[in-house]
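Visitor: On the provided structure of chain A, position chains B, C, D and E as indicated by the hints.
Residue numbers (my numbering), protein chains in the order written: chain A, 1 to 663; chain B, 1 to 522; chain C, 1 to 100; chain D, 1 to 487; chain E, 1 to 167.
Think of the hints as simulated: they come from the structure by calculation, not from any bench.
Check the hints yourself; a few may be wrong.
To be verified - In silico PhoX-like cross-links for lysine-lysine, where the CA-CA straight-line distance does not exceed 20 Å:
#1 K358/D - K441/D
#2 K635/A - K99/C
#3 K374/D - K110/B
#4 K407/B - K490/B
#5 K368/B - K165/A
#6 K39/D - K451/D
#7 K445/B - K368/B
#8 K85/C - K121/E
#9 K39/D - K164/E
#10 K165/A - K78/A
#11 K635/A - K159/D
#12 K66/A - K165/A
#13 K78/A - K66/A
#14 K110/B - K441/D
Bear in mind that the values here come from a model prediction, so they are computed numbers and not experimental data.
As a plain string of letters, each chain reads:
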Amino acid sequence: MLEYVWLIPLFPLLGAVFNGLLGKKIKNEAVIGGIATLMIFCSFLVSCGILMQLIGLPAEERVFEKVVFPWIYSGNFKADMAFLVDPLSAIMLMVVTGVGSLIHLYSIGYMHGEEGFYRYFTYLNLFAMSMLLLVLGSNMLVMFIGWEGVGLCSYLLIGYYFHKKSAGDAAKKAFVMNRVGDFGFLIGMFTLYWWLGSNHNVWTINFMELKKASTLLPYGGVVTLATLCFFLGATGKSAQIPLYTWLPDAMEGPTPVSALIHAATMVTAGVYMIGRMSFVFVKAPQTMMVVAIVGAATAIFAATIGTAQNDIKRVLAYSTVSQLGFMFLAMGVGAFTAGIFHLMTHAFFKACLFLGSGSVIHAMHHALHHAHSHDDPQDMRNMGGLRKAMPITFATFLVSTIAIAGIPGFSGFFSKDEILWQAFSNPFHGNLNILLWGTGAIAACFTAFYMFRLVFMTFFGECRITAKAKDHLHESPLVITIPLMVLGFLAVFGGYIGMPKLLGMLPNYFENWLEPVFATANSYAQTYVHVEEHGHALEWGLMGLSVVIAVVGISIAYVLYIVSPAIPARFTAAFPALHRAVFNKWYIDELYDFLFVNPCKAAGNLLWKGFDVLVVDGIVDGVAKVVMGISGMVKNLQSGYVHNYAFSMALGAVVIVAFYIFR
Amino acid sequence: MNDTILSLMTFTPLIGVLILFFIPKDSHSILRGVAVAVALVTFFISLPLVTGFVTNAEYQFVQDVPWIQAGPFRMNYHVGIDGISLWLVILTTFIMPIAILSTWTAVEEKVKEYMICLLLLEVGMLGAFISLDLFLFYIFWEVMLIPMYFIIGIWGGKQKIYAAIKFFIYTMAGSVLMLVALIFLYFKAGGGDFNITRFYGLGLDPATQTWLFLAFAFAFAIKVPLFPVHTWLPLAHTEAPTAGSVILAAIMLKMGTYGYVRFAMPLFPDAVDRFTPLMATLAVIGIIYAALVAMVQEDVKKLVAYSSVAHLGFVMLGIFALNQQGVSGGMLQMLNHGVSTGALFLIVGFIYERRHTRLITDFGGLSKQMPVFATIFMIVTFSSIGLPGTNGFVGEFLVLIGAYESKLRWFAVIATSGVILSAVYMLWMFQRVMFGELDNPKNQKLVDLNAREIVIMLPLLALIFIMGLYPTPFIEKMSPAIDKMIQQSKQKQVAAVTLPQMPAMPMAPNGMDMTMPPTMNK
Amino acid sequence: MIPLYYYLLVSAILFAIGTIGVLTRRNAIVIFMCVELMLNAVNLTFVAFSRYLENIDGQVFVFFIMTVAAAEAAVGLALMIAFYKNRESIDVEDINLLKW
Amino acid sequence: METFAMPAINFAAIMPETILSIVAMALLLINVFVPSEQKAYLGYLSLAGIIATFFPIVSGWNAPVELQSGFNGAVLQDNFALFFKVIFLVSAALSILIADQYMQREGCNRGELYPLILLATAGMMLMASGTDLMTIFLGLEVLSVSLYVLAGFNRDNLKSNEAGLKYFLLGAFSTGFLLYGMALTYGATGTTKIARIAEYVSTKPIVTTNQMFLVGMLLMAVGFSFKIAAAPFHMWTPDVYEGAPTPMTAFMSVGPKAAGFAAFLRVFVIAFPAYRHEWSSLLWVLAVLTMTAGNITALYQQNIKRMLAYSSIAHAGYVLVGFTAGNAVGTAGVMFYMLSYAFMNIGAFAIIVMVGKKGEANNNVADYAGFGFKHPALGMAMSIFLFSLAGIPPAAGFIGKFYLFSGAIQAGYIWLAIIGVLNSAVSVYYYLRVMVYMYMKDPVEEFDWLKVTPALALCVLVAVAGVLIPGVVPGYILEFAQKAVFF
Amino acid sequence: METFFFAIVALVAIVSGMLVVKCRNPINSALSLVLTFFCLATFYVLLDAPFMAAIQVIVYAGAIMVLIVFVIMLLNIRTETGRRYMHALPVGLIIGLLTLVEIVYFFTRSGLTGARGDFNKELIERVGHTELIGRSMFTDFLLPFEITSLLLLVAIIGAVVLAKRKI
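Chain A with its partners taken away, still in its complex shape:
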């Protein structure tokens, strides 16, 4: 089966090509959507096969590299089009193809009747293909294809409603921000390549070879530089501070896209990349610290913003940012497994949440449409009490929310708690740990708060739309709800494969599974940190604490939005500035416009009108003008009078002779 790994990206590609070329002819949505879903599902099956086969192998042999064809060979630089299968990529494969197939399926229902249906599925398949390349890439360059490819597809999908200006802007913003990240990625790659090559004559960008060669790398120094660059790439792709602003805007895209790209898969690429290169990151303690801090900061920062948003998807978007922050926190504290674990669980419940919101929006839209009302179907202030109207959506949504809030027994709990514990107990950052843990904890609290705020505003209380529209509210069709249910199920039980040893009911399959991948990294870690043992009591305590935190968050939400909905209003009235700041996302977009965008345009104008036109052309045309001017003057010497001519001749003669007198 491993031999056929190349099929995995191929299927979606075929789907994309098929739909791209023929989709316009085939009007039949069933065929288009069917083909697309089928293709991604095929890759899912292959991935399952591969996973099985890997499980079959002994732990140390679970690495397989497949060279498809040589891509760029130039001098000592070699980059094959090659795929790497190891436990890590296997996990990702499962997530991407699995969640992917569900969302494809969902989309068939959700996108029903959209014009450019085929375009949508082309892009979606294309995305799946790029994502799989990213995951499977056995060297940085192949990964980079995927890396940019997903960026491209997210550009296309965000700009799917291209006639909306906001969509176009969001798309461009997303791509450019990602480009900034890619800049980092490239520089990081160059640095590693060049340093290893010039110092140890190991010219490679292949992960496995790098892993072998990583013993040659020093601690800190150039590695810090390289890893920081890589991390910049990660922040771009995974919407971390400072490059997170594109993700909320990306909600301009169709909801399934948000679910697939901006929650489950693409945005986690950064985390995956760090995991993939853990052995390098671990060698740069400073970078680890930066990662951890940025992660924690993003987690709390985004969470705060999330509390004040009224657009259902935007709330989810910020929560995604925040959750990604958790993952980076995990990476930063060396808890790679936990990070990847959270990545997976998050993929489940966040996808479920997005799809749920999608289903809600779908319903709302439908209802408002019938009611000829122009209210925003995404604005939670228009919703409320939907639980009766759409029970399945409500149920799945609720469980996912509980999961993300971190209530024990749900997938989110295991992963997030693990991260918090590691943040507290990791050997890397010394006293910083408390801070990291604290931030994480508060962020978790906020998460619980705004997620339940969302649930309460959407599904509880009184329905705030016109009665006329209300009659048209009803549950979405099966093709939409089936994925919801599957994901809901996963959101609940997906976490059990990674249950902490502490609870000891099940072995931590997940950790054992990934252990070989991160072995090297951990071994490096051993060399400069000493892991001090923490008592179980402490761990228990913290676990309890995090539960309490979650509950607190939930109850606050309950108080504010069920018991006495008046308070928020009063609160905002009390602190208008604060609320406005939070509501306007701390004005970060404006800041960036002020700092980067406008200066660039200004510089462009200046250079163009100022330098190009004035200086360079000024000189060029100036010379021409001067010459013409001289010409105009010289020609006047040709006065037409004989004695002037004679004079010039005589003068010439005199001067010539004089020259030889005085020479």
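Guide: Same frame as chain A, but now just chains B, C, D and E:
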């Protein structure tokens, strides 16, 4: 066959010109047909070059016949190609038919003269790429200007005359200095013939090399165009008819970079060593500068023009990195730029033909009206941005990594940030043209691309992906030649013969070993 | 016998006078006369040299110069007449149709 | 009384001059019987004479020295002279070809035209082959006097009168300097035979003791510079060229210049090797001044004849570059360039003759609007001439420039060469301007009056051939030029 | 004595030369030019060149000047108004004087270095100046002599073409 194929290829268009002379000037379709046919024939003649090319550093398909023999001078008709010129030649023969096809409806009057100019242009360009004799090269180099001058000046836009003259004199000013340097070099080399291989590794003292390099570099820099002397390009591009811009961008600009790779650098290694920082600086400035300026352009064509300044900046950076990656990246980037920017100009031409405007503000939401066009446009845009999987990426990446591992590291870093900017201006333009509301009524009755236009674009699109996903054949054919070139450009010899400097003062013959003081009495 | 230099001096002076005349006079004929004066200065130089070098070539040259002067006089005056016919003047001030 | 030593008369040495003079005189007689509207036949006869003149020239090539020199060293018809004689003949022939139509149009087609041209040509030849200051001077006078007449030939046209008169006055003035120079040289060396001057100087320490010699050289330089229209002695050129009848302008822009260069070269290179450094630095300055003045001023011109006049000044500058170099390459360059210049310039003038209207009308650059498309063939010919003048390959003009500048560079005058090429870059502008009008402006005229007589067509054809063939395969002619170098 | 005579003649020559330039009326200029010519003729006699003196008088004073005067009469040219004359005078004077100064400067730095011939007083007296001239003209300088014929021919044609009323 092997030794005549190059000449055959080069002068087939000339035969075409002769044929065109005898076709009545108002039977347009015949004229166009013949022109395209000739261009295609040329292309097919050029194909055996690829198949027959043996991958090594030698010049191949060489033809060397004495041409001028007078006094001390020996000029030969000495042509041949190696890995460096091979692909450029192919690019030329490949682009030409497309360019001619693109004018099918664009040019309605004076078709005959137009076609003649195009074919003459092809002769000039091919000749310049295959010449192995400096003098011959210079001849072709100059010959190229004439038809281009007419193409811009006669069939151009509003400012056509200004643009044409500016183009001509700018280039002329550069190349005449090159002529002086060329002659000087010749006498330094001690007469004989102008075969470039004689000039390689000629132990000139650094001072002389500096002067000569400057002269050559200036001429080529104008053609590239390198940062401060690029201002003729946007003008020429905007004013030229579509085919003109396509050829200008796709092929003629390459003359400059090719000149560096073939002449300026291998001939004067010491000078190269000395001027690398300067050239790299200019290249990098060009990248950033052009990107910034492109961002604020109102005219699509001008924007694309500036974008090609940026791309050529990458090329320059690559070739001055002077290592396998850098140079082959540069060479690839030349080809890529030829393909994608050529395609971009064609695209601009398409909408210009439909709307007779190129102002971005006049467009918007075209995707709705012309989906096929949108798709093609998008692919080309992304290839020009350098998205992995398209041709643009491979070249850019190799250039950057090459520069990074050479001593131009920091330049590489800055240049990489150009990658971001390129995304900004291209996507912004794309968005403003293709996305948004289709509000302008004129745009609402736009028709999508017709068969001919699609046929024009297809080969380019194909190349975009082929070169992006499987560049190996291109790289491996050129790499031996590039290795050789790097060897020549890196060697730093002390001046074998100590010769006096270039005279700072005008008069007083300096005792060049060539000077034969004439015996006055007879 | 008179030193050569005297002759040379005289001829030089005459030459200079001729030059001044050409530069200052307005009447084409007078200008031509001044040119004749210059030529005569040259003649004097030639003859003087040929005498003091005891070498006859110079005087032969003078002979030719005279011929030339005659020929030029003929043609020049003809030109002036032709010009005068059309312009009613031979003032060089008026010979200024062609300029710049 | 002693015996009378018969001079070493050798007609072979002056055969071309002889033939031309005889033909000229014959034409004078025939002229009487030819009605005024058929003067063209005289033209054809004179062409026949010119063609006949080619034979002694061809046969004289590489002739043994005793055949070359004659008249006690008054002439020396070596390859150098022969090459220049070819140039003169070409320019004369081409000018004669374009003369008739113009003269008809201007109503001054008088038969004396052709004898005058032939005699002028004879004068040039004497300048080129003269080795005695007297011969050179007299040849120059024959040339000048006939040119005065030719310039003022259209005697009913005020401009023509003016041109003739100006040329005459200034020419006479310059003759004064030339003669004074010769006189001083004679005084310093006691001979007028240039070869003997050099011998004598090489034996005696004249250079150091006798400054007179130097002044003599300088004043001769002034005299010759006037003939070749080198700045600052060039100012007569534009006026005369503009005023003179167009075919005569064509004629005198090439032949006399070439003759001037021939004499200039021979005298200075042979007679004044001792002062080589002095005169080469003098010529350096003159060259720069001439090129620059010519080109700069030409930029502004509206009248195409005047523009070409300035451009011809500039071209004299380029040729001076080769002269300054003073080496084999440079000198060969001078010869090759003058030859190709004959073709391209007279070709251009041929077109001007065609486009012009009666009374010197329609001679402005702007009058050429749309010409290129109204008359594609002529337009192309004109473009070829202009490109060649601008020195753009593949035209003879480029090869010529290449050779001239190569000479300069070989001699180490790098900066001179650089200034030269920059000048030619500047010159491109005004040549292109004509093409801009020809091709890029919409026609205002229909050019319906324009008629292409066989003679003109032949002239243009020959000119195009003479520009392109040497441009593409210059080898042979260059080889001749190399062989013609007399040192 | 001889020197004194020379000085007188020289003075006259120069003064009359100046008059040529000075006189407003062309006729006066012409006459003073004739005077100069006579002075030059005198010099030629002093220089043992009687033949030269003769043709100087005949050709110059006789032919050329007569022609000039005739033309002046023919065109009855009015005298110049002084404007341009005065205006150009300083410049002309400066240039002319500079020319003079320079030439003299160089004369003072040069000697009579030319190749000596056998054309001495004794020979002249024995053979006769005219014959000597004639001899060398028809032997050494035959070609130039022939060329003068061409020159004159050209002059004739020119004069006819330009000045003859109707052809």
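Visitor: Any hints from earlier that this structure breaks? Give me their numbers in increasing order, please.
Guide: Violated hints (numbers, rising): 1, 8, 10 and 12; every other hint is consistent with the structure.
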